[in-house]
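Asks: Work the whole structure out from these sequences, hints included.
These protein sequence lines are chains G and Y, in that order. Throughout, the working numbering is defined as the position within the first sequence, counted from one, plus 22. Throughout, the working numbering is defined as the position within the second sequence, counted from one, plus 22.
Not one of these hints is a red herring.
Restraint ranges, calculated between C-beta atoms of paired labels, are given here:
| no. | chain 1 | residue 1 | chain 2 | residue 2 | range |
| --- | --- | --- | --- | --- | --- |
| 1 | G | D224 | Y | V286 | 19 to 27 Å |
| 2 | Y | V286 | G | G319 | 35 to 43 Å |
| 3 | Y | S24 | G | T278 | 44 to 52 Å |
| 4 | Y | S24 | G | G319 | 29 to 37 Å |
| 5 | Y | D290 | G | E275 | 23 to 31 Å |
| 6 | G | Q271 | Y | Q58 | 40 to 48 Å |
| 7 | Y | D107 | G | E275 | 47 to 55 Å |
| 8 | G | T278 | Y | E196 | 26 to 34 Å |
| 9 | G | E275 | Y | R111 | 49 to 57 Å |
| 10 | Y | S67 | G | Q271 | 47 to 55 Å |
| 11 | Y | K127 | G | E61 | 54 to 62 Å |
| 12 | G | D172 | Y | T291 | 32 to 40 Å |
| 13 | Y | Q171 | G | E61 | 52 to 60 Å |
| 14 | G | D294 | Y | S24 | 38 to 46 Å |
Stretch by stretch, here's where chain Y covers chain G in the computed footprint (C-beta under 8 Å, at least three residues):
| no. | stretch |
| --- | --- |
| 15 | 157-167 |
| 16 | 215-221 |
| 17 | 253-264 |
If you only want the chain Y side, here are some residues facing chain G, beta carbon under 10 Å, derived:
| no. | residue |
| --- | --- |
| 18 | L204 |
| 19 | H209 |
| 20 | G240 |
| 21 | A249 |
| 22 | Q281 |
These aren't lab readings, by the way, just hints derived from the structure by calculation. Cβ coordinates follow ideal geometry from the N, Cα and C atoms, glycine included.
Number of protein chains: 2
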Amino acid sequence: MSFQRIAIIGLGLLGGSIGLAVREFLPGASTTGYDQNPETRRRASERGLVNEVYDSAAEAVTQADLVIFCVPPGAMGDAARDIADAVPRSAVISDVGSCKVAVAKALTSELPNNPVIPAHPVAGTENSGPDAGFATLFRQRWCIITPPQDADPTLVARLKDFWEALGAHVELMEAAHHDRVLAVTSHLPHLIAYTIVGTASDLEEVTQSEVIKYSAGGFRDFTRIAASDPTMWRDVFLANKDAVLEMLQRFTEDLTALQRAIRVEDGDTLHDHFTRTRAVRRSIIEQGQDDARPDFGRGDH
Amino acid sequence: MSFQRIAIIGLGLLGGSIGLAVREFLPGASTTGYDQNPETRRRASERGLVNEVYDSAAEAVTQADLVIFCVPPGAMGDAARDIADAVPRSAVISDVGSCKVAVAKALTSELPNNPVIPAHPVAGTENSGPDAGFATLFRQRWCIITPPQDADPTLVARLKDFWEALGAHVELMEAAHHDRVLAVTSHLPHLIAYTIVGTASDLEEVTQSEVIKYSAGGFRDFTRIAASDPTMWRDVFLANKDAVLEMLQRFTEDLTALQRAIRVEDGDTLHDHFTRTRAVRRSIIEQGQDDARPDFGRGDH
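Replies: Pasting the structure below:
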């Protein structure tokens with residue numbers, strides 16, 4: 023038995039995509055939704071992101087058997103509090119946040135009587151807001167579910183089925199391990215990208231216009247993820263602070279080693295390092311996690 | 023009057039693309055080519071990258087009015103020496119290297135009697151070798167020409183016409199300034215990408231398999247440019263050492279500031295920084311230097 027009435031709190035890129043995906047891949051289920059921004063609610067109605075958009079979170083969840091919070095990590099606690107009196111005790115509470123330990127804690131403490139099973143679909147684009155979502159966002163992407171130790175296996179299996187129906191591969195993981203894995207595969211890359219785009223913008227002798235014109239030399243790849251939602255990412259770094267700082271420390275050590283190799287003109291160290299990193303790219307393409315076309319298929323070769 | 027007989031030394035991604043582009047966009051001109059790797063010469067012949075592939079660089083240039091070196095920066099001097107006795111004195115010597123001061127010096131010192139006008143098409147993909155090139159690589163990309171102070175303006179104009187015929191926009195720039203601009207728009211991003219891919223590969227508690235599976239969270243964007251040709255990039259960092267180290271110093275300062283903001287949980291600083299970087303992305307897209315589709319159009323939304 024799958025979920026039948028899904029309430030989506032937060033109708034941006036992720037929430038909107040879940041709504042559209044349910045409509046397309048789980049046509050028997052109905053969806054309700056809420057967003058704290060009235061303009062987002064209006065657009066969500068126009069696009070039909072969910073069957074019904076409500077003006078309060080409490081109204082949106084009264085009939086739900088699954089509630090998915092699609093708000094920035096720092097807003098999870100408040101969003102959960104808003105539905106505490108209205109949500110049925112049997113409704114499964116889940117989310118799509120990038121940090122699982124902090125979010126699980128926030129949801130569980132506000133909704134102690136509901137089963138809370140956090141999840142994180144590792145999918146997204148640099149766009150945000152109610153116009154950014156699309157039904158196939160999760161296709162071929164991984165969704166990591168981080169059930170608490172006392173979670174009901176039946177409910178975990180239902181949530182797994184739900185994400186698989188939306189096109190995702192599902193993996194179960196301990197929340198703390200999830201946060202360390204994502205610190206390196208997602209949070210650190212975003213921090214680095216945000217940093218380098220800022221560095222390039224602040225130069226005096228190289229103009230902003232030059233940075234933009236010659237960005238095809240590599241820089242532009244970084245600007246994509248540095249265009250992601252600022253609120254979401256502020257919250258991610260604060261919520262997963264320890265793991266991010268640890269990965270950053272390792273990155274800095276490695277960067278210092280390459281910096282030294284450049285300074286002392288140790289070409290062999292550079293060449294060895296650059297050769298090793300090619301293999302990682304190959305594996306990512308083989309496993310269908312990126313576009314194999316050169317340059318991401320940007321041109322029409 | 024444009025160039026009629028173009029000799030291409032080095033038949034990888036760049037050299038091969040120039041050959042294919044000349045065939046398509048300058049059908050009146052003829053091309054000759056050489057590569058020090060016999061297997062590359064064989065593939066270049068099969069693909070028809072140039073009209074005629076020779077077994078020595080000297081033979082390839084005997085009739086040339088334009089010679090373009092498409093070899094890694096560190097190999098430019100040796101490659102130039104190989105043609106010194108065979109190249110006509112009137113032939114313009116150019117190249118496609120990512121570092122202009124060092125390359126100009128190497129070419130000029132080996133070929134003191136020829137007009138040397140270095141150039142750098144800011145275009146490429148993560149692939150390399152004789153199978154990687156295509157005729158439209160330079161379309162809508164910038165080509166920076168860095169003429170020495172005493173360059174003949176007529177020859178500079180001819181080289182400009184040549185690159186425009188291949189689809190590029192051309193900009194003239196002083197070599198030292200070029201090297202600082204590219205240090206930030208290309209060399210630093212590659213160094214950072216190579217570093218983070220290495221950092222992720224070396225973790226113990228997060229497996230290589232996890233890094234690859236969950237790379238869609240941001241990491242995979244870095245792996246593309248970290249798959250670029252190791253020899254080329256080793257040479258770039260050695261040839262443009264000073265500018266790269268200076269940009270790296272600024273990047274490290276900025277990263278340290280964001281690291282501190284995370285440590286002290288200064289959300290406002292993070293949010294302000296992340297908001298500012300969005301504007302850069304917008305400009306790059308407006309100016310046609312990147313794909314406006316979300317996620318580089320990887321999926322079929």
